[in-house]
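Visitor: Going line by line, the protein sequences match chains U and D. Under our numbering, the first residue of the first sequence carries the number 1, and numbering increases by one thereafter. Under our numbering, the first residue of the second sequence carries the number 1, and numbering increases by one thereafter.
Please note: incorrect hints may appear among the correct ones.
[Claimed, not checked] In silico SDA-like links for lysine to any residue, alpha-carbon gap of 25 Å or less:
{"#": "1", "chain 1": "D", "residue 1": "53", "chain 2": "U", "residue 2": "64"}
{"#": "2", "chain 1": "D", "residue 1": "116", "chain 2": "U", "residue 2": "47"}
{"#": "3", "chain 1": "D", "residue 1": "53", "chain 2": "U", "residue 2": "131"}
These are calculated hints, taken from the structure and not from any lab test.
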Amino acid sequence: MKPESGESPIDSDLVLELPSDVGSIEHAVEYVVRRCRDCERHAARLRLNFRVGLTEALSNAMLYGNAHDPSKRVRVEVTFGESTIRARITDQGCGFDPFSIPDPTCPENIMKPDGRGLFLMRKLLDEVCYNDQGNQVTLVLRLDPHLSSLEGGARA
Amino acid sequence: MIVRLYRRVAARLAWRPLSNREREMGFQVSRTGGVTLVEVEGQLIVGNRQELKQKVLEHLEGGDRKFVIDFANTGYIDSSGLGVLVSLSKKIREQGGELRLSSLNEDLRTLFELTKLDTLFRITDTKEQALAGF
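Go ahead and model the full structure; you've got the sequences and the hints to work with.
Guide: Take a look at the structure:
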């Protein structure tokens with residue numbers, strides 16, 4: 001995982017601005033997933049990999065980035081390319097060090113109730129990049145043009 | 001460019017949060033042969049994990065020690081949902097009880113395997129298997 005170097009805008013197909021309300025996550029994620037072109041062929045990777053990654057990113061942004069502050073918002077920018085989906089999630093918090101999160105699968109951490117969100121994002125998406133401040137994450141899911149709809153998710 | 005601008009505007013207009021009724025999420029709790037069965041309808045996510053925790057802890061405090069949480073009608077569990085299952089399992093074990101899980105679909109099994117939580121829980125294919133084995 002490499003930090004994203006700049007704050008350059010992306011030419012997004014879809015932009016959402018969400019309140020810091022975890023109740024809004026589920027519908028927002030469904031809304032984004034349904035807007036993917038060629039959805040049926042990539043249904044499994046969208047349903048599992050992308051949905052999980054986006055859900056966790058939004059949850060982190062609202063809970064930890066914006067610290068539940070209802071006056072702060074989370075911006076979601078999504079680009080649907082021919083072979084990739086790119087989602088950039090920006091919160092209005094101070095940011096954090098993504099390398100400070102320990103591996104939740106280690107025996108000493110497995111009984112801890114939290115710390116699995118970033119781990120799942122890294123496991124399920126092809127790229128997970130934070131900006132230098134740590135308040136913006138970019139998720140990239142690659143879509144194999146030769147993939148059959150019968151093939152499953154995960155394997156990122 | 002116009003298409004993209006239209007999509008942006010349409011996205012802003014069409015998106016709205018779902019009400020609790022529209023989400024149709026919930027937990028059905030029943031007692032079967034001395035085992036407390038909790039069936040998760042919809043999702044187990046950051047928005048409703050506390051409700052599940054509260055329901056199970058109420059039964060634990062009431063003396064129940066054997067629990068099955070069934071996911072036959074569950075679409076998705078996020079990391080917060082996984083966390084609450086870990087937390088509940090720990091509390092139930094501390095009281096000498098056990099929490100079993102059943103009916104995980106392929107996606108949910110993948111999440112449990114990636115996080116190695118499949119090593120922490122006894123997981124059965126059906127709720128009947130979980131209940132019968134207690």
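Visitor: All the hints need checking, so say for each whether the structure fits it.
Guide: Right, here's what the structure says about each hint:
1. Simply put, residue 53 (chain D) and residue 64 (chain U) have alpha-carbon atoms about 21 Å apart, close enough for the 25 Å limit, and the pair holds.
2. Taken as a hint, the residue 116 (chain D) and residue 47 (chain U) pair is honoured in the structure, with Cα atoms around 21 Å apart against an allowance of 25 Å.
3. Among the hinted pairs, residue 53 (chain D) with residue 131 (chain U) is inconsistent with the structure: their alpha-carbon atoms are about 35 Å apart, more than 25 Å.
When held up to the earlier numbered hints, the structure conflicts with hint 3 and nothing else.
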